[in-house]
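Number of protein chains: 4
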Amino acid sequence: MAEETGRVEAFSDGVFAVAMTLLVVDIKVPHDLPAGQSLAQALAKEWPTYLAFVTSYATILIMWVNHHRLFTHIGRWDDRLLFSNGMLLLGVVLVPFPTALVAEYLGLPGQTTAAMVYNGTFVVIAFCFNLLWKTASREGRLLRLDHDADAVRHITDSYRYGPLYYVATFVVGLFSVTTSLVLSLMLALYFALPSRAAAAIVPAGKSR
Amino acid sequence: MAEETGRVEAFSDGVFAVAMTLLVVDIKVPHDLPAGQSLAQALAKEWPTYLAFVTSYATILIMWVNHHRLFTHIGRWDDRLLFSNGMLLLGVVLVPFPTALVAEYLGLPGQTTAAMVYNGTFVVIAFCFNLLWKTASREGRLLRLDHDADAVRHITDSYRYGPLYYVATFVVGLFSVTTSLVLSLMLALYFALPSRAAAAIVPAGKSR
Amino acid sequence: MAEETGRVEAFSDGVFAVAMTLLVVDIKVPHDLPAGQSLAQALAKEWPTYLAFVTSYATILIMWVNHHRLFTHIGRWDDRLLFSNGMLLLGVVLVPFPTALVAEYLGLPGQTTAAMVYNGTFVVIAFCFNLLWKTASREGRLLRLDHDADAVRHITDSYRYGPLYYVATFVVGLFSVTTSLVLSLMLALYFALPSRAAAAIVPAGKSR
Amino acid sequence: MAEETGRVEAFSDGVFAVAMTLLVVDIKVPHDLPAGQSLAQALAKEWPTYLAFVTSYATILIMWVNHHRLFTHIGRWDDRLLFSNGMLLLGVVLVPFPTALVAEYLGLPGQTTAAMVYNGTFVVIAFCFNLLWKTASREGRLLRLDHDADAVRHITDSYRYGPLYYVATFVVGLFSVTTSLVLSLMLALYFALPSRAAAAIVPAGKSR
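Protein chains in written order, with this note's numbering: chain A, 1 to 208; chain B, 1 to 208; chain C, 1 to 208; chain D, 1 to 208.
Hints in this document: simulated from the structure, not taken from any laboratory.
Keep in mind that a hint or two might mislead.
Same chains, same label: a pair holds when it works inside one copy or across any pair of copies.
To be verified - Within a straight-line C-alpha distance of at most 20 Å, the following computed EDC-like cross-link-like pairs (lysine to aspartate or glutamate) qualify: (1) K28 x E46; (2) K45 x D32; (3) K45 x E104.
Working from the sequences, and respecting the hints, build out all of it.
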């Protein structure tokens with residue numbers, strides 16, 4: 001009930017690290033080029049694979065940064081934290097699948113289905129991030145005793161409507177796939193930058 | 001004989017993390033949809049793969065939580081602990097194989113064989129968890145000096161008949177595959193929740 | 001803004017470790033030998049795969065040693081460090097792809113394209129190493145308070161022209177693929193040995 | 001020159017953990033059983049795969065235990081330690097390949113070649129273990145200040161002829177493949193148990 005979180009973080013780091021590294025196995029060297037096609041052309045044709053790789057990588061990196069940020073405030077663990085963290089990591093390891101799905105079906109008949117899976121995954125992940133943070137921070141139950149109350153409150157505020165934003169993105173995706181993907185990317189960037197956003201909100205002169 | 005267990009835990013975390021993340025490589029994007037089949041239909045047809053993924057993930061997560069719980073009481077290591085831990089991890093990395101086997105053969109002629117492999121794996125894992133715990137806790141030989149004696153006794157009690165329960169599940173599987181899978185899942189949940197069970201058993205008012 | 005870097009290092013170690021280990025999945029046991037071919041011959045024919053494996057492994061190992069060396073001087077982190085480190089790791093996990101590309105196309109029509117991808121990857125990695133180091137060391141913002149000023153200055157000096165050297169290698173590769181690969185290898189060895197080079201530059205009698 | 005070895009160990013643990021977990025990807029669920037073949041028969045036919053899996057796993061586990069044991073005495077690192085450790089890990093990640101080779105070709109024409117690759121890999125690994133230990137222990141240069149001199153001397157003694165034993169096994173393999181594999185296994189077990197062997201050698205009454 002009141003142990004250090006070092007091992008939860010090490011285990012999570014392992015999952016993030018493997019998930020990010022496994023992405024590379026989808027990038028294949030082209031074999032047996034068809035006559036008249038240069039290697040450069042063969043590689044260029046694979047651009048959706050590269051785009052999916054970079055997007056998945058950036059998305060998981062942003063989630064790792066967020067996870068890292070949350071755990072700077074969390075100082076203890078209990079079973080509920082272990083399981084909500086485990087559910088979040090399930091979402092993390094899944095990310096490459098919907099990303100590859102969108103990369104393959106964008107512009108084709110299945111694109112709305114692909115966008116539903118993609119945006120749906122992020123609804124679930126946003127929900128899990130919220131669950132993890134509530135498990136840790138409600139009444140400060142698992143926070144470090146010396147946690148920064150301002151930073152904690154800022155995270156709580158910025159997470160409050162997170163799942164809702166992603167649900168809205170999901171709905172948009174039913175009408176315009178591309179718009180929903182852009183929105184999803186913007187949300188990821190928004191959650192990547194809370195501390196700077198926070199810096200803008202917090203009264204000047206306050207050291208953090 | 002009396003070193004810290006940090007590196008045993010880090011190594012184990014690595015194995016758990018990789019095992020959980022590798023599960024995702026079995027989830028493939030459907031290529032070359034047959035005429036008249038939508039992407040949604042193609043994905044829906046893959047439900048046994050998704051079920052196997054979620055079951056394997058949850059199973060390994062529960063084992064990680066248990067492993068984490070045991071090591072909060074273990075403070076030292078010797079060669080026997082390293083090898084019994086290594087045997088347990090062998091069981092952990094194997095889990096995806098019997099799970100995929102059951103997902104593929106459930107309802108088909110090979111289903112009893114698949115259930116035997118699945119349930120047999122968990123008999124072995126239960127045995128290894130027991131061996132690890134006995135190696136560490138018998139006469140308190142490798143426990144932390146400040147370990148919680150109540151919690152240790154509770155783990156010892158709940159583990160005592162663990163392998164037996166799984167052997168019983170194995171036998172049930174010879175007659176009814178589905179019943180044995182449900183039993184196996186219930187056992188996993190039971191072992192996922194020892195501390196709450198403990199909380200119900202321990203006299204009220206006792207702080208843990 | 002001023003936490004320890006332990007988790008950044010653990011996460012990075014995970015990425016490096018997985019990237020180095022994944023290399024082995026490209027080494028396959030030969031099946032179904034054609035009549036009249038011995039196993040030894042079948043293995044010998046695979047020498048480009050083994051060469052690519054050893055080169056990729058050595059390259060990532062050298063990058064890990066450099067990363068390890070940088071972080072002995074870095075004592076704190078902020079968001080910029082997390083993201084520049086994440087970009088560097090993106091380069092690290094990519095290394096096996098251009099290496100396999102060169103191994104497959106060396107001496108064939110696509111070799112200049114392959115060399116461009118290979119050398120281009122290292123331009124990006126050199127740039128990322130520089131960005132990471134600048135993020136950490138400019139005005140000593142994230143360095144340990146007790147960092148070794150001589151060693152820091154030496155790293156800054158040896159990194160200053162790093163990307164430039166790799167750009168030059170890239171240009172050479174447009175004219176002679178083999179020369180550029182040899183140059184690239186020599187650069188890796190040069191960056192593998194900064195502290196000895198430093199030892200030669202630093203005035204004798206100075207303890208480090 | 002005098003930092004803690006935590007990160008070297010964490011990185012090595014990552015490599016060991018991934019190498020052991022990756023073994024499982026070679027264990028496949030049988031698809032499309034030929035008519036008249038039961039699942040049990042299809043699985044039984046795969047026994048060389050399972051044997052290779054268990055052998056590789058046990059071998060890497062024993063190497064991890066040895067690595068763990070060495071580093072309980074090593075307290076500092078330098079560049080030479082990082083690179084000799086990196087070379088050892090190269091051997092570790094390679095182990096599954098020669099193991100699979102032997103599993104596939106045992107009893108077939110290529111078996112001597114397979115045994116040469118297998119035994120040759122262990123010659124290299126034994127050499128790397130020796131190099132790592134010499135780098136760390138010669139004149140006690142990287143050992144912990146409070147290292148156990150008896151244990152260190154025992155390791156030095158038992159490692160002295162290690163590579164030689166493996167070279168002898170390699171030579172035996174040119175004449176009898178099976179004998180060499182049994183010898184190789186016995187050597188692994190011998191190196192797995194140094195502390196007990198040590199306990200038998202060290203004068204009674206001496207606490208370790």
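Right, here's what the structure says about each hint:
| no. | hint | verdict |
| --- | --- | --- |
| 1 | K28 x E46 | both (9 Å within a copy, 18 Å between copies) |
| 2 | K45 x D32 | both (14 Å within a copy, 17 Å between copies) |
| 3 | K45 x E104 | both (12 Å within a copy, 18 Å between copies) |
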